[in-house]
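Trainee: Each chain is listed here by its residues.
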Amino acid sequence: MATAAAQHTARTPAHDARGGAPDTDAHQRAFDAAIAADERIEPRDWMPDAYRATLIRQIAQHAHSEIIGMQPEANWITRAPSLRRKAILMAKVQDEAGHGLYLYSAAETLGVSRDELLDKLHSGRQKYSSIFNYPTLTWADVGAIGWLVDGAAITNQVPLCRCSYGPYARAMVRICKEESFHQRQGYELLLALSRGTPEQHAMAQDAVNRWWWPSLMMFGPPDDESEHSAQSMAWKIKRHSNDELRQRFVDICVPQAESLGLTLPDPDLKWNEERGHYDFGPIDWDEFWQVIKGNGPCNEQRMAQRRRAHDEGAWVREAAAAYAAKHTHDKEARRG
Amino acid sequence: MTAQPADTRTSLTTVSRETDVPAAAALALGDDALVLSHRLGEWIGHAPVLEEEVALTNIALDLLGQARVLLSMVGDEDELAYLREERAFTNLQLVEQPNGDFAHTIARQLYFSVYQHLLYGQLAAGDGPFAPLAAKAVKETAYHRDHAEQWTLRLGDGTQASHERMQRACEALWRFTGEMFQPVAGLDSVDWTGLEAAWLESLEDVLRRATLTLPEGPRSAPWAAGAGRQGVHTEPFGRMLAEMQHLHRSHPGATW
Ligand SMILES: [Fe+2]
Ligand SMILES: [Fe+2]
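Protein chains in written order, with this note's numbering: chain G, -11 to 324; chain Y, 652 to 907.
Chain Y on its own, in the form it takes in the complex (with noise of 0.2 Å):
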């Protein structure tokens, strides 16, 4: 096996737009949003009480919206979205997961809110072509993680059957967690080591508050071989693009 990328994303180049963004990096991060929405998105009409549904749906609309300014960096968003094949995708494999149940919600998006938060704020920080949109996100990522580490504390510190299942959930996902600090190209200026060093920090305060310990598993496989930021997914990832994408495939060329 190989992680190189598939050949439909050589045709991206010729996508993008003639600007300074590094397309890389804009499909990196827009893709993260598209996707981790998307799985958000599953949960409505499902959540647990009904201010989880207005709360899963507010994360899910504000990473959608990112996801929609990074896309249209580099070229039109329907179509990077729509008309990508699974291999050209370069998300993270962790916000591919499937959302399980709300404890691996939760986790999933304690995991990813607290690094996009620290990544948004270095972007928010610098000069590059991301710091406008970084500025805004760094804000919708503060109340996610607020969101997912309220959340972390009353599944953990709850009931001995909410700990156990938010005690699972932290582990069965900790080991996509490696592949978050693996630097982007053209994320240039991220300090990439203080950003791990942080992450590990804040989720050591935060399982201890919640009664949990942190996972002692590797955080990334040899395997996965740099994984989704290589395009290299998981098999429900092929699933979910294949509902996303059915219907827009279905009519090529109409617009809606």
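If we strip away everything but chain G, and leave its shape as in the complex, we get (with noise of 0.2 Å):
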């Protein structure tokens, strides 16, 4: 422990106001050190500009992803069709505007607010995950994105609980969390579709033909095509490939569609002996490129309605801003 504690001054900026001239070299030997022992990086340690860079442009494309992922399901919630289902998606949707919250909070460790991000976000310099450029034509969708959506996402996620960045580490376990209701619900929502009437039964399986493709391409392009993932994964920012994770999800899936009682839109899906996994057919990633570069079926809707809601409540607040500043002189005014 006397080490780590050593390596932790080290890589703490302070120390350069009592050491005088900032030492690069040490403080980049000390961060490299910290990742080699699998330590966490806090927001006042020393970190590469790339490191930080790195982590706000991930960070900032997950947060956009929860509060633009609110739209399709939220496109539900005034026609759920009882009142025990329309608590759990409001509940549901709720949760994902509070993971927002807390990765923006978790940017703000590395130095940039929330506004910063979300100028980004609606003038397109910043992305959000392509899955919500989909859109959710039925009820079933709903349950859809909660198994397979939400399902990807924990794949994805789930590691990320180990990230080396410990705001992010953090923030994660507690999504985490969230999201494994979300999959047992969206689950647990096709179950009883699946199991009723036959046009209940045909729009959840029509459901989990539209969402199959799109889930897998949530894990990114293949690793030989991967522009940042070496690098993040010699960080300990990601801890496994791509096409690992996404393997990882297909033989979690296809059990619980079996059990579900539907099939997954892939004819060469099917058991191989001797790699232990199972083998899946072509991924056409031309249409993930397409859907990237904001061709998809509701990439302009789905910004749209996300600068109409930023536009319609910018008077709300300044409201909000005038009132806490007269507030604020009212206390100063009252103590001084």
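None of these hints come from the bench; they were simulated from the model. Being a predicted model, the structure only gives us computed values, none of them experimental. It cannot be assumed that every hint is accurate.
Stated by the list, open to error - In the DSBU-like style, the derived pairs of lysine-lysine whose C-alpha atoms are separated by at most 35 Å in a straight line are:
(1) Y/K790 - G/K314
(2) G/K165 - Y/K787
(3) Y/K790 - G/K319
(4) G/K115 - G/K165
To be verified - Derived DEER-like restraints, expressed as beta-carbon distance ranges:
(5) Y/P887 - G/G264: 53 to 61 Å
(6) G/A38 - Y/N750: 40 to 48 Å
(7) G/D299 - Y/E730: 40 to 48 Å
Each residue gets a CB set at the ideal place from its N, CA and C atoms; glycine is no exception.
Assembling the complex is the task here: the two chains are given apart, and the hints tell you how they should meet.
Mentor: So this is what it looks like as structure tokens:
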């Protein structure tokens, strides 16, 4: 523990104040040692600029995905077919807003404000997960999103609970707990439909058919085409490759689909005894890149709604700020 | 035009369970909560700031929870929510009013939450069939009331633009507030006159602190004829129900 404490001191910028000129090499060595020892990097620790930039980019994209991800499911809140389902769905979408809050806070520890990040989202300079550019056409889509999209998110995010950056890792612990509720609720919604009337069963199957492939794309491009992966793995921001995680997800889903009484829309899906995994068919990466570039079915709509909510809310935020400023003055006047 | 309840409503007595619960009162309170929860649910994904996505949904969820308890006292919650016609709903016209801008939503919430907090306070203090529910709900409504009051202060005493919007919203919804104090059959222990006086006093106080003026218009219109509590609603309510009930009604007998 003594060495860890020593390293920690070397990583803390406050050291510079006492030691005179910053010693970037020493900082870099301490940082590398901390990463190698699987220690957490905390906000006040020295970190390479590129590490900080990578984290900001990833956490911001994650936060944006949480808030844009509210839209496709909120699309069904006013039409939920039972009061129980309505309560579950509202609570779920509320959780996603909460995830957005945790993640914007985690990003703030790296020196960027929520306003800056929202500006970048609204101006298209930062992205959100492409999965939310697909439409929710029926009630069963709510179940398919919970089961598959939240399921894929969990597969991606559980390893992030051990991410090298402390605030991000801690946010992920809270988030993953809630995501696993969402996944179970989605599964349970689909099960009720699958065992329901023939129309309900067909609705469930149709939704799974539409959401399966986009869910597999959530793990990102294949390992040999993934531009940020290697460095993120070295920094222990990322712990497993895209393809590893995708395979893990497929292996989890196949038996679950069977229990649901639903099929997955892939004729090549079969158990490979030798690999100990399910083989699956080729992913349409052309579609993936098209959606990322902005040509998905709902890119325009999602961004338009986000910007509209933000613009129409401007006077509310201004009022709150003006009131807070007056209020602070009042307090100061009373104190003075 | 008549303010008599529509025929669909009489069929409800056959749905009612054999309990001591006054069905009309459970429906009136349950419909208030159900309908306002639905309106608040329409905000999700459109709120002015992320914290309000969470806060408005919290309120919507509390109200939905109350609605489910109340409707279940009378019959099957889903049959009541999804299979009644517009004229069989007995919620206040106030709660069915469209969201409008954020100021309208806050004014509606302020008017209703102060009322509901006072009413549930009285019901919780008694020993009637609603006392257990009211005891829990009064804590929730205290939060709703505080949330609405805080925003009334911020909007009223924020910028010139927010002040004007908030004043307009308070005026626009004022005429729906008189209906709240018409005695509801089955809530015999409630002191409606005292409730109204306390409500007015509270509103005067909040609006004054928010630098707003208490609206002067009438608090109910003669043509409303008892209004929502008698199953007479405003035009936007039918559209709200059409959206809410559509999927459920498209699959008769299905379970979800
Ligand atoms: Fe989430
Ligand atoms: Fe989720």
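Trainee: Look at each hint and say if it fits the structure.
Mentor: Outcome of the hint check:
1. Y/K790 - G/K314: Since the Cα atoms of Y/K790 and G/K314 sit roughly 30 Å apart, the hinted pair holds (cutoff 35 Å).
2. G/K165 - Y/K787: With Cα atoms ~27 Å apart, G/K165 and Y/K787 stay inside 35 Å; holds.
3. Y/K790 - G/K319: The hint holds at about 29 Å.
4. G/K115 - G/K165: Holds: G/K115 and G/K165 sit about 25 Å apart, inside 35 Å.
5. Y/P887 - G/G264: 53 to 61 Å: Distance hint for Y/P887, G/G264 holds at roughly 59 Å.
6. G/A38 - Y/N750: 40 to 48 Å: This hint holds: roughly 45 Å between Cβ atoms.
7. G/D299 - Y/E730: 40 to 48 Å: Once the Cβ atoms are compared, 41 Å apart, the range 40 to 48 Å for Y/E730 and G/D299 holds.
Of the numbered hints given earlier, the model fails none.
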